[in-house]
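Generate the whole structure from the sequences, applying the supplied hints.
Those protein sequences? They're chains A and B, same order as listed. Throughout, this note's numbering is defined as the position within the first sequence, counted from one, plus 667. Throughout, this note's numbering is defined as the position within the second sequence, counted from one, plus 75.
The hints are simulated quantities; they were obtained by calculation from the structure and are not laboratory data. One or more hints might be untrue.
Coverage of chain B stretches by chain A, computed from C-beta distances (three or more under 8 Å per stretch; other residues unrestricted) [claimed, not checked]:
id, segment
1, 77-83
2, 312-319
3, 322-329
4, 341-355
5, 374-388
6, 423-432
Even glycine gets a Cβ: it sits at the ideal position worked out from N, Cα and C.
These are the residues of each chain, in order.
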Amino acid sequence: MDLAYTAAYEDFRVHTRAFLEQHRATFPNPYGGGRPAADMLVWQKLLIENGYAARTVPREYGGYGAEPDILKSRIIAEEFTRAKAPMGLSGQGISMLAPTLLEVGSEEQKRRYVAPTLRGEIIWCQGYSEPGAGSDLASLQTRGQEDGADFLINGQKIWTSTAQSADMIFCLVRTESERAKHQGISYILFPMNTPGIEVCPLKTMTGNAEFNEVFFTDVRVPQENVVGGRGQGWSVANATLKHERGMLGDPNAANTRLQAIIELMKDETVSGESLMHNAVFRDRLMQLQGRVLAMQFHGLRLLTASMTGDDVGLGRLIVKLEGCELNHQLAAFAIDVLGELGVLYQDSPHLRANGFWQRAYMFDLGLIIGGGTAQIQKNIIAERGLGLPREPKLARG
Amino acid sequence: MEFALSSDQKMLQDSVTRTLARLCPLDRVRKAAEAKTYAQDVWQGLVELGIPGLLIPEKFGGVGLKLLDAALVAEALGHHVSPVPFIASCVMAPLALLRAASPAQQAKWLPRLASGEITIGVAISEQVAGAREGAGIAAQSERLNGKAIFALDFAQATLFIVADQDGKLHLVDATAPGVHKTTLTTIDLTRSIGELHVQNVESEPLAHGDGLIAMRDAGWIMLAADTLGASWQMIEKSVTYAQERKQFDRVIGSFQAVKHLCAEMAAELEPGRALIWYAAHAFDDIPSDASLTAAHAKAYLSEVGRFVARTSTEVHGGIGITDLLGLHYWFKRIGLNRQLLGGPERVRHLAAQMQGFI
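Dropping the structure here:
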């Protein structure tokens, strides 16, 4: 155990800090999804040029071209948080599509899409889930029928966040209907303004439409838009899902929430008494603090292991399940601490934190379900982590 | 930045685990527990590895390692429910002597402790967990009076380190006139717990520093690590059983109801390992974080340990609660660890105090 950074890394930290200090005046508002504002696009370009975004993407594809170095990535994240500087753009294009193309895309696809995606000029959405294909994603029924050099795509996707503002979609389509279910899927890229695409906002319990349904009627897409070859979509998608699960369950997000709750409990009073003096709430706070610390240190352990190749057993498999659950429990606790104030919403008088805690409590339930439900995560932990047998296949009937 | 065990630490873990696998199978645990004694041959094996002197500097005949090394040993002992003294005699007592004793006291006791010739019990529960039944030891005019319940590594201890009501530490010779010892029987027969009465007993104070806090923090981390090892053993046993036991013509481990219980145990438990590593590292190298993370390690493992102990027993079905299977040795060890030096509610209360929340 050595939790200090070497001089070279401390140097990198000093440089990062100086960069942020120098550009403090041009910090844009944090990116909240959808189409980025003009100042965010300028910021993103500056971050890529200086190695604070798209850091390890090769220069020829529009990145900064640095060697992967997890410690430097961590230092960047720490310093941006410390300076309250907005991180570069995120979203499914940058976090999922770009790494997937770099891994399995053709040279032409990489050259055409990666750089503008990183710069925020192409916004992507992900067409995976369908009404009948959730946890059993490979049973998806959106079909691409061969028609000359094209596919004619028909079907429906759901849970498509950003679809209303996206330029492009990366979409799983059944193109080889005669093959077994996992072998018949292709991963296809196409513009969202292609004729035959209809986007319907899907309003959730938060009151906002964070997702959409997308309908395809005879959508014509060239076959050359397939990534990784016809019928290879399942393995291409798995490469992408790997990137998504890393995004969910971030322990630093949990710590940010915990610190906000500590401030809340110090500030709020009930009948003149500080909430911190309520023994029951204080005990719940301490329980959550213990869990947040455990997940943070667990994250440090995984970080080191990804550099050294140390075996962490099932350490990685538990992060999505535990991290999402912890974030949700933090939101639930904040609501309990606020009591009746905790159920205020929208633009109500007396509203606390702009209604963040209720919104988080409701939205985060979706994160527990999305990206592989908690139950699917437990199957993965039990089967891949502990070596328990897979579910026997149900008799087809 | 490296958050990982060193190769030396992995070797230590390996050699302790191999020794315990050889000397301390369930039959041996059962024999010692039923006789309510330590397993002397297991203890001898640990002595040969230098475990009693793990934290004692080389100039006193020890190995001079750190608390993280001791946590790895505690984890292995919990994994094998080993009936040997450790937490008090090999960790808390030497730390108290190193931090609070005079050079003469250190020279007198540390070499004998390091060689395994003597063991030392620790009676500080009233000052950490709070006093039950009005227990406590008063120190006046170099004389000790009162009682301490829940003294650790009690049997055969040559000496006790006792905390008085002001938190000051004293050495008490187990055979001194006025010392009365009563063994307490807990659910866990793999560890020795007792009650110490002192009547006008001559005190030999440990005069310097914050020995009590160091003992408490180290004790919390060791109990947490013991529970980590015991809990992982219970998960491993559950998984093995679920892969063999058949009902409805299927191994029960193929049912999601059973599979998910196993996944939940592992998912809740594993982050506790990193928490223990950090707390143990902080004990020696990041003093400002030491007490808080030690408290959280103790509380976290107490809660997850209880969940694992009951869930693992349930995965085993009816056989899980039998004496024959012996799973109960781990169940009970985890149950004892939870309460020693303060249950989780008490420890979290102290954690809140440390941060100035009350």
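Coverage assertion for the segment 312-319 of chain B with respect to chain A, Cβ distance below 8 Å, three residues required:
holds (count 3)
Check of the segment 77-83 of chain B against chain A for coverage (Cβ-Cβ below 8 Å, three residues minimum)
holds (count 5)
Take the segment 322-329 of chain B, compare each residue's beta carbon with every beta carbon of chain A, and decide whether three or more fall closer than 8 Å.
holds (count 4)
Has the segment 341-355 of chain B got at least three residues whose CB is nearer than 8 Å to a CB belonging to chain A?
holds (count 11)
Are there three or more residues in the segment 423-432 of chain B whose C-beta lies closer than 8 Å to some C-beta of chain A?
holds (count 5)
Confirm or reject the coverage of the segment 374-388 of chain B by chain A under the rule of 3 or more residues with a beta carbon closer than 8 Å to the chain's beta carbons.
holds (count 3)
Violated hints: none; the structure is consistent with every hint.
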